[in-house]
Each structure stands twice: as structure tokens, then as C-alpha cells.
Amino acid sequence: MIFKSRKDNLFNGVIIVVILVLCSVLFFSIFDEVKTTSHIVTTVINVLVLCFLLWVFYGTCYKLSSTTFSYKSGPFKGDIPIKNIHQIIKGKTLWVGLKPATASKGLIIKYNKFDEVYISPKTNDSFIKEILKHNSTIKIIEA
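Numbering-wise (our numbering), the sequence shown opens with residue 63 and increments by one.
Don't read these hints as lab results, they were simulated from the structure.
Since the structure is predicted, the reported quantities are computational estimates derived from the model, not experimental observations.
Wrong hints could be hidden among the right ones.
Within a straight-line C-alpha distance of at most 30 Å, the following computed DSBU-like cross-link-like pairs (lysine-lysine) qualify [claimed, not checked]:
1. Lys-134 <-> Lys-191
2. Lys-175 <-> Lys-139
3. Lys-167 <-> Lys-191
4. Lys-201 <-> Lys-125
5. Lys-201 <-> Lys-154
6. Lys-172 <-> Lys-191
7. Lys-161 <-> Lys-145
8. Lys-172 <-> Lys-154
9. Lys-201 <-> Lys-69
10. Lys-191 <-> Lys-66
11. Lys-139 <-> Lys-172
Taking CB as the label site, the calculated pair distances span [claimed, not checked]:
12. Thr-98 <-> Pro-143: 15 to 23 Å
13. Thr-98 <-> Asn-74: 32 to 40 Å
14. Leu-72 <-> Thr-129: 49 to 57 Å
Every residue gets a Cβ at the ideal spot worked out from N, C-alpha and C, and that includes glycine.
Required output: the full structure, derived from the provided sequences and hints.
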């Protein structure tokens with residue numbers, strides 16, 4: 063089962079502001095009369111950053127199979143065996159660490175001994191309900 067990532071206003075605002083700034087820099091560098099190597103480098107870097115941001119914005123999703131939880135956020139991806147997941151904290155935001163998410167108040171998934179990943183599916187409850195079908199021993203904690 064595939065779960066899309068929820069996008070909150072903070073993430074949307076940051077993405078919009080950064081895209082507008084990068085587009086304005088691109089616009090002014092294109093119409094600048096003096097073309098130097100630094101203008102070309104700036105343009106290439108801006109286009110790459112724009113592509114990366116859009117890739118993360120539209121390419122963040124999570125997949126549950128009978129044995130594996132997979133996450134993908136732009137170029138970042140990974141797989142976690144469901145049997146290794148021992149705890150899920152619901153409604154809390156992880157500010158440091160692996161965060162393939164586009165919203166706050168998501169889920170912190172703890173697996174192995176000390177590993178954790180933060181995700182933000184469209185609805186936390188439907189994700190928890192589905193993952194508990196595959197591993198009913200996962201402890202759910204409300205934050």
C-alpha cells in the first residue's frame with residue numbers, strides 16, 4: 063500500500079519563497095548583458111536546486127508491503143523490515159535526524175536498537191492501522 067506525504071503550510075511556504083527567490087535570480091541573470099562564467103555557474107546551481115526542491119516536494123511517499131516499510135523523498139530512500147520496528151510515536155515532530163517528510167506532527171518510527179525515521183503520511187491513523195496488520199507487536203505512543 064502506498065501513502066503520499068502530507069504537506070503543511072510551513073513546508074509549502076518555505077518551498078514557495080525559495081522557488082520565487084531562485085526564479086528571480088535566474089530571471090535577472092538571464093537578462094544581464096554581461097555573461098560571465100559566474101553567471102553560468104549561478105544559473106546551473108539555481109536550476110539544480112529548483113529541480114531538487116520539486117523532486118522532494120512531489121516525490122515524497124511511503125510504501126508498506128507485508129515485510130518491508132519503504133520511504134522515498136527525492137534522492138533519499140530506504141527500506142526497513144517491519145519486524146525490526148518496535149515503536150511508533152504519533153503526533154510528534156523530529157527536528158534532527160532522518161526526515162523524509164513534508165509536514166510536522168507526523169510519526170517517528172523507531173527500529174533496530176537506536177535507529178529512527180520521521181515520516182508524515184496523509185493520515186497518521188490509516189498508516190498505523192495498516193502497519194499493525196503486518197506487525198501487531200509495535201508499541202504506539204501518543205505525543
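Here's how the hints hold up against the structure:
1. Restraint check for Lys-134 and Lys-191: satisfied, since their Cα atoms lie roughly 20 Å apart, inside the 30 Å limit.
2. Taking the CA atoms of Lys-175 and Lys-139, the gap is about 20 Å. The hint holds against a cut of 30 Å.
3. Note on Lys-167 and Lys-191: the hinted pairing holds, with a Cα-Cα distance of about 17 Å set against a maximum of 30 Å.
4. At roughly 20 Å between alpha-carbon atoms, Lys-201 and Lys-125 fall within 30 Å of each other, so this suggested pair holds.
5. Between Lys-201 and Lys-154, the direct Cα distance comes to roughly 15 Å. Compliance with the 30 Å bound is thereby established for this hinted pair.
6. Straight-line distance between C-alpha atoms of Lys-172 and Lys-191 comes to about 16 Å, which keeps the hinted pair within the 30 Å bound.
7. Among the hinted pairs, Lys-161 with Lys-145 is consistent with the structure: their alpha-carbon atoms are about 21 Å apart, no more than 30 Å.
8. The suggested pairing of Lys-172 with Lys-154 holds, with an alpha-carbon distance near 13 Å, which does not exceed 30 Å.
9. As the CA atoms of Lys-201 and Lys-69 are separated by approximately 26 Å, the hinted pair is consistent with the 30 Å bound.
10. Note on Lys-191 and Lys-66: the hinted pairing holds, with a Cα-Cα distance of about 15 Å set against a maximum of 30 Å.
11. A hinted pair counts as satisfied when its Cα atoms are at most 30 Å apart, and Lys-139 with Lys-172 qualifies at roughly 17 Å.
12. Distance hint check for Thr-98 and Pro-143: the Cβ-Cβ separation is about 52 Å, which falls outside the suggested range of 15 to 23 Å.
13. A C-beta distance of roughly 35 Å is found between Thr-98 and Asn-74, which places it inside the suggested range of 32 to 40 Å.
14. For Leu-72 and Thr-129, the hinted distance range of 49 to 57 Å is not satisfied, since their beta carbons lie about 34 Å from each other.
Violated hints, in rising order: 12 and 14; the structure is consistent with all others.
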